[in-house]
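Chains A and B are the protein sequences, given in the same order. Numbering of the first sequence is given in this note's numbering, commencing with residue 207 and proceeding in unit increments. Numbering of the second sequence is given in this note's numbering, commencing with residue 8 and proceeding in unit increments.
In case anyone wonders, no lab produced these hints; they're calculated from the structure. Any given hint could turn out to be false.
[Said to hold, decoys possible] Only some residues are given here: those of chain B computed to face chain A with a beta carbon under 8 Å:
(1) P38
(2) S39
(3) Q40
(4) V43
(5) L50
(6) A54
(7) I58
(8) F59
(9) S70
(10) T156
(11) S160
[Unchecked claim] Simulated crosslink set (DSS-like; lysine-lysine; CA at most 27 Å straight-line):
(12) B:K187 x B:K114
(13) A:K422 x A:K377
(14) A:K422 x B:K69
(15) A:K772 x A:K506
(16) B:K69 x A:K377
(17) A:K764 x A:K506
From a predicted model like this one, the values you see are computed outputs, not experimental measurements. Note that beta-carbon positions come from the ideal geometry of N, C-alpha and C, so glycine has one too.
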Amino acid sequence: MANGTTTVEQEEEYTPPPPERVGEEPGSLTQIVQEMVYTVDHKKLGLMYLGSGLVFFVVAGIMATLIRIQLFFPNSKFLEPDVFNRFFTMHGTAMIFLVAMPWVFGFANYLVPLMIGTRDMAFPRLNAFGFWVFLFSGLFLFSSYFTAPGLYNAGSAPNVGWFAYSPLTAKAFSKGHSTDYWTLSLLLNGIGSIATAVNILVTVFCLRCKGMTLGKMPLLVWMFLVTAFLVVIAMPPFSACQIMLILDRYLDANFFDTQAGGSAVLWAHFFWIFGHPEVYILVLPAFAIASEVIPVFSRKPIFGYPIMVAATVSIAFISLGVWAHHMFTVGMTSVGNTFFAISTMIIAVPTGIKIFNWLGTMYGGKIRLELPMLFCIGFLFQFLIAGLTGVMLAVTPFDWQLSDSYFVVAHFHYVILGGIVFCLFAGFYYWYPKAFGKMLDVKLGLWHFWLFFIGFHLTFDPQHFAGFLGMPRRIFTYEAGRGWEIWNQISTIGVFFQGASILFFVVNLIYSYIKGKEAGDDPWDAWTLEWATTSPPPEYNFDRIPEVRSRRPLWDAKHPEDPDWKFE
Amino acid sequence: MSAEKLASLHVGHPTGFVNDPTDGTGPWVLPSQRKVGVICLILTESALFVIFVVAYVYYMGKSLNPPFPRDVIPFPTKTPWLASFALFGSSFTIVYAEKMMHKLDRKGFLIWWGITMALGAYFVFYSATEWYELIYHEGLTISVNVFGTTFYSLVGLHLSHVIVGLILLSIIFVLTLFGKIPEDHIEHTEMISWYWHFVDGIWVVVLTLVYFISARY
Chain A
207 MANGTTTVEQ EEEYTPPPPE RVGEEPGSLT QIVQEMVYTV DHKKLGLMYL
257 GSGLVFFVVA GIMATLIRIQ LFFPNSKFLE PDVFNRFFTM HGTAMIFLVA
307 MPWVFGFANY LVPLMIGTRD MAFPRLNAFG FWVFLFSGLF LFSSYFTAPG
357 LYNAGSAPNV GWFAYSPLTA KAFSKGHSTD YWTLSLLLNG IGSIATAVNI
407 LVTVFCLRCK GMTLGKMPLL VWMFLVTAFL VVIAMPPFSA CQIMLILDRY
457 LDANFFDTQA GGSAVLWAHF FWIFGHPEVY ILVLPAFAIA SEVIPVFSRK
507 PIFGYPIMVA ATVSIAFISL GVWAHHMFTV GMTSVGNTFF AISTMIIAVP
557 TGIKIFNWLG TMYGGKIRLE LPMLFCIGFL FQFLIAGLTG VMLAVTPFDW
607 QLSDSYFVVA HFHYVILGGI VFCLFAGFYY WYPKAFGKML DVKLGLWHFW
657 LFFIGFHLTF DPQHFAGFLG MPRRIFTYEA GRGWEIWNQI STIGVFFQGA
707 SILFFVVNLI YSYIKGKEAG DDPWDAWTLE WATTSPPPEY NFDRIPEVRS
757 RRPLWDAKHP EDPDWKFE
Chain B
8 MSAEKLASLH VGHPTGFVND PTDGTGPWVL PSQRKVGVIC LILTESALFV
58 IFVVAYVYYM GKSLNPPFPR DVIPFPTKTP WLASFALFGS SFTIVYAEKM
108 MHKLDRKGFL IWWGITMALG AYFVFYSATE WYELIYHEGL TISVNVFGTT
158 FYSLVGLHLS HVIVGLILLS IIFVLTLFGK IPEDHIEHTE MISWYWHFVD
208 GIWVVVLTLV YFISARY
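Generate the whole structure from the sequences, applying the supplied hints.
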């Protein structure tokens with residue numbers, strides 16, 4: 207170790223130590239809870255990430271449903287304005303930091319060590335730390351509903367929007383403690399995210415099995431590597447924001463206090479320096495899942511592997527220089543506007559390359575329309591539209607018209623729900639058999655897919671038109687006769703389709719666990735290392751650390767007469 | 008492919024994806040986890056500092072009311088020359104400590120490591136007296152103007168890193184004082200010195216920006 211290198215022995219034997227069991231017989235509730243609290247296993251932590259993300263997803267989804275019900279009729283009195291503000295703040299914050307991020311880290315945790323052929327993450331205890339910090343940051347945020355009233359009784363949950371623009375968060379305008387809950391819980395959440403990201407980086411760099419050079423890693427691992435790099439670079443600015451806000455609120459500092467020479471715009475800059483890379487932190491894992499699912503269900507290796515990697519890396523770099531396209535309306539110089547408009551349009555190029563590569567993979571392939579593939583095709587279709595509205599919003603004068611309108615709401619829900627969440631669902635269907643050894647039920651899955659697909663389009667397609675007609679985001683109600691009613695009403699109806707589809711999904715997860723068809727080790731006839739072990743994998747993942755020669759090690763194993771490594 | 012057939016293709020099998028171990032490719036060497044981990048930590052900490060540095064630059068000369076930097080930290084009279092010298096010097100003494108560690112010279116290691124700690128501690132002590140002076144005599148607090156806000160947050164962020172570094176250094180010092188230099192922990196100690204170098208490197212930026220460049224505003 208002193209020479210700074212780790213040597214992986216070729217024939218590493220491993221006998222797992224007998225698990226220490228304290229308490230009652232295996233399978234009891236105490237046992238399960240104890241196991242969850244004690245575990246440092248990357249697979250269990252991954253599933254815990256995914257499970258707790260799902261709980262927050264349902265809670266934040268219910269908030270969205272209530273928001274949509276309020277907007278069904280003009281002049282509606284269903285929700286109080288204050289309650290409405292809290293709901294959209296908590297919905298946004300929870301969906302980004304307590305749903306999308308843990309799902310990303312859940313997939314990373316579960317899959318990266320399996321795919322690079324190792325037994326755990328580089329720092330298993332740091333991994334557990336990251337999970338528990340995330341979970342308690344979420345519980346802390348939601349506990350604000352019960353504990354935040356504080357002074358003046360002006361508290362309850364945060365109500366400053368998910369990007370919490372200054373000076374709304376200043377002590378003078380946000381009395382009580384609701385904003386403190388927001389800022390502290392996200393500071394905590396950021397620490398957990400950075401810890402997990404460092405862990406992923408170290409795991410990928412230092413624990414790949416023999417023969418897996420960087421150029422032979424599965425694309426999923428590549429994209430999670432780049433994601434983790436982005437988290438490490440882009441999360442600290444967000445933590446810095448929170449520290450500054452805490453200093454402003456508690457020590458009367460002047461970072462964002464305009465009257466003392468501070469600047470409210472600085473908050474916006476700092477927030478979006480984090481906020482835009484965050485979009486790519488979420489979307490690159492979605493690309494990662496698509497890059498594994500599409501080849502397997504097209505029965506072809508991925509088209510243009512090196513270009514995919516290059517596109518991923520360039521997306522990450524460009525994404526660090528586009529943040530101010532969220533801020534065209536604050537009145538920057540025309541040089542600033544032009545720079546950020548052009549950089550935003552440029553980022554569409556590597557993203558477009560990816561879409562063409564996925565289409566190139568499907569082209570001429572023997573496509574199997576299984577559930578993961580269905581979700582990925584939905585993703586391709588919706589992400590394309592999301593990208594196109596993104597390029598529209600990058601045009602500065604166009605953005606001046608539509609910034610903070612429902613057009614923007616429709617755009618980013620297309621990205622996050624239509625793009626990212628569709629892929630994450632594909633991931634759930636694709637790897638559930640690996641995690642639990644049972645197939646997810648196809649019939650329930652089809653209900654889930656079609657209801658979600660229809661519901662998604664019913665909800666978010668009309669919002670583009672509401673935006674064109676001038677409906678601003680975050681208004682709690684609107685007057686009749688502006689032409690907004692019909693779009694809002696279609697949108698609200700769509701939400702119930704989505705809600706029903708999520709019900710099918712959750713039922714499917716439980717039903718298939720109990721009654722699902724046995725999956726076997728390799729139900730999809732796939733090519734990456736996670737399918738080479740049993741389903742579910744043992745705690746030590748592999749009996750012996752594997753050794754690979756190509757990007758599709760399992761293909762080589764199944765087709766010794768025609769292995770990939772001869773051609774790579 | 009059935010589970011049985013897959014199992015037969017499992018690792019180690021000649022037709023499996025684990026190829027012949029006698030293929031002459033040599034041992035599989037990857038970088039040390041510890042080093043990559045600390046590099047990532049330094050990367051993420053740097054990103055944190057960048058934002059505070061940007062905030063400092065953005066607000067340079069924008070204070071609406073005194074005390075201004077030119078009054079309270081004028082160049083070169085109020086520049087922390089000796090403290091900076093001590094901190095930069097500690098980056099050299101820690102290298103000597105590491106050399107002693109590689110030679111397994113416990114006494115030499117303790118001496119150089121102790122000097123490093125003393126230099127770091129002097130830096131913290133100097134900062135404490137400087138802050139006392141600024142707060143009680145010059146009236147510069149974090150809330151008085153944007154200079155106070157950005158000065159204390161940037162210098163304070165660095166200072167907090169020096170203190171964390173000192174705690175890490177003292178843990179190693181105490182463990183070595185009451186024990187020995189365990190050979191398999193040499194890399195752990197090296198990593199602490201990397202962190203210490205990083206803290207020093209940040210001070211180059213902070214010193215230049217705060218005490219050299221902004222001192223005339």
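Structure-based check of each hint:
1. P38: Hint on P38 (chain B): holds, closest Cβ of chain A at ~6 Å, below 8 Å.
2. S39: holds, 5 Å
3. Q40: Because about 4 Å separates Q40 (chain B) from the closest Cβ in chain A, which is inside the 8 Å limit, the hint holds.
4. V43: It holds, given that the least Cβ distance between V43 (chain B) and chain A is near 5 Å, below 8 Å.
5. L50: Given a least distance of 6 Å, the restraint on L50 (chain B) holds.
6. A54: holds, 4 Å
7. I58: holds, 4 Å
8. F59: holds, 6 Å
9. S70: holds, 6 Å
10. T156: holds, 4 Å
11. S160: holds, 6 Å
12. B:K187 x B:K114: With a Cα-Cα distance of about 10 Å, the restraint between K187 (chain B) and K114 (chain B) holds, given a limit of 27 Å.
13. A:K422 x A:K377: violated, 53 Å
14. A:K422 x B:K69: Judged against 27 Å, a Cα distance of about 53 Å means the pair is violated.
15. A:K772 x A:K506: holds, 16 Å
16. B:K69 x A:K377: Holds. K69 (chain B) to K377 (chain A) sits at ~22 Å (cutoff 27 Å).
17. A:K764 x A:K506: Satisfied, since the Cα-Cα distance of roughly 15 Å is no more than 27 Å.
Violated hints, listed in ascending order, are 13, 14; each of the other numbered hints is respected by the structure.
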